[in-house]
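Residue numbers (my numbering), protein chains in the order written: chain A, 1 to 118; chain B, 119 to 229.
FYI, nobody ran anything at the bench for these hints, they're computed from the structure. Incorrect hints may appear among the rest.
Quick list of in silico lysine-lysine cross-link-like pairs, DSS-like style, CA-CA up to 27 Å [as the list claims (entries may be wrong)]:
hint : chain 1 : residue 1 : chain 2 : residue 2
1    : A       : K64       : B       : K121
2    : A       : K41       : B       : K121
3    : B       : K216      : A       : K20
4    : A       : K55       : B       : K216
5    : A       : K66       : A       : K41
6    : B       : K216      : A       : K64
7    : A       : K55       : A       : K66
8    : A       : K66       : B       : K216
9    : A       : K14       : A       : K64
10   : B       : K216      : A       : K41
11   : B       : K172      : B       : K216
12   : A       : K41       : A       : K20
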Amino acid sequence: GAVVSQHPSWVICKSGTSVKIECRSLDFQATTMFWYRQFPKQSLMLMATSNEGSKATYEQGVEKDKFLINHASLTLSTLTVTSAHPEDSSFYICSASEELAETYNEQFFGPGTRLTVL
Amino acid sequence: LAKTTQPISMDSYEGQEVNITCSHNNIATNDYITWYQQFPSQGPRFIIQGYKTKVTNEVASLFIPADRKSSTLSLPRVSLSDTAVYYCLVGDQGNTDKLIFGTGTRLQVFP
Chain A
1 GAVVSQHPSW VICKSGTSVK IECRSLDFQA TTMFWYRQFP KQSLMLMATS
51 NEGSKATYEQ GVEKDKFLIN HASLTLSTLT VTSAHPEDSS FYICSASEEL
101 AETYNEQFFG PGTRLTVL
Chain B
119 LAKTTQPISM DSYEGQEVNI TCSHNNIATN DYITWYQQFP SQGPRFIIQG
169 YKTKVTNEVA SLFIPADRKS STLSLPRVSL SDTAVYYCLV GDQGNTDKLI
219 FGTGTRLQVF P
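Pulled out of the complex, with its shape left as it was, chain A reads as follows (with noise of 0.2 Å):
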């Protein structure tokens, strides 16, 4: 099946630093890939949604020039959280689309990358 990854698993960093989340669709080209953040015991909030060679679509209340991304091939997205602080701190999921999917509108999660800002 699809397989998409995620780099960092984990990352610890201070208050103020930026930190960059990688996701990579590993078997197949994701014409768009989508960026989720979820808080301890709440559901996934999307925040973007990314496709490859044009500017990501940021859902209402996300600041884009704080989480900037980049979906710069058919197989890699990064999320960049700039200037991050302790409100920032997460569980950011991406998923990926696959263009001919069998199943209509199914996309493939990432194992999350947990963020800690001290």
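We have chain A already, so just place chain B on it with the hints.
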């Protein structure tokens, strides 16, 4: 967007059948119903998808009545490893592929 409503939590014992119902009164004609499973500190995993009537795979069954305003995920003979959060999602009415997750149902299976 079609909003979904699910029970917040459910308890069960090993070997029992578990049915989780999801309400989606505003489902659109072109929308599909999809269920995902999420274990702690992992990304969600696709379980099953359907449009109408009944769909069955090796993991679960999905029952959808004729009016499609609700759906029921059925997990036969659950085990401890089925303890997870289960999300019911309805396809975006537009042409985008984004998924909007609701609260999900936290299923706890006891021995």
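Do the hints match the structure? See the list:
no. : hint               : verdict
1   : A/K64 with B/K121  : 26 Å, holds
2   : A/K41 with B/K121  : 20 Å, holds
3   : B/K216 with A/K20  : 23 Å, holds
4   : A/K55 with B/K216  : 16 Å, holds
5   : A/K66 with A/K41   : 24 Å, holds
6   : B/K216 with A/K64  : 18 Å, holds
7   : A/K55 with A/K66   : 15 Å, holds
8   : A/K66 with B/K216  : 21 Å, holds
9   : A/K14 with A/K64   : 21 Å, holds
10  : B/K216 with A/K41  : 22 Å, holds
11  : B/K172 with B/K216 : 24 Å, holds
12  : A/K41 with A/K20   : 24 Å, holds
Of the numbered hints stated above, none is contradicted by the structure.
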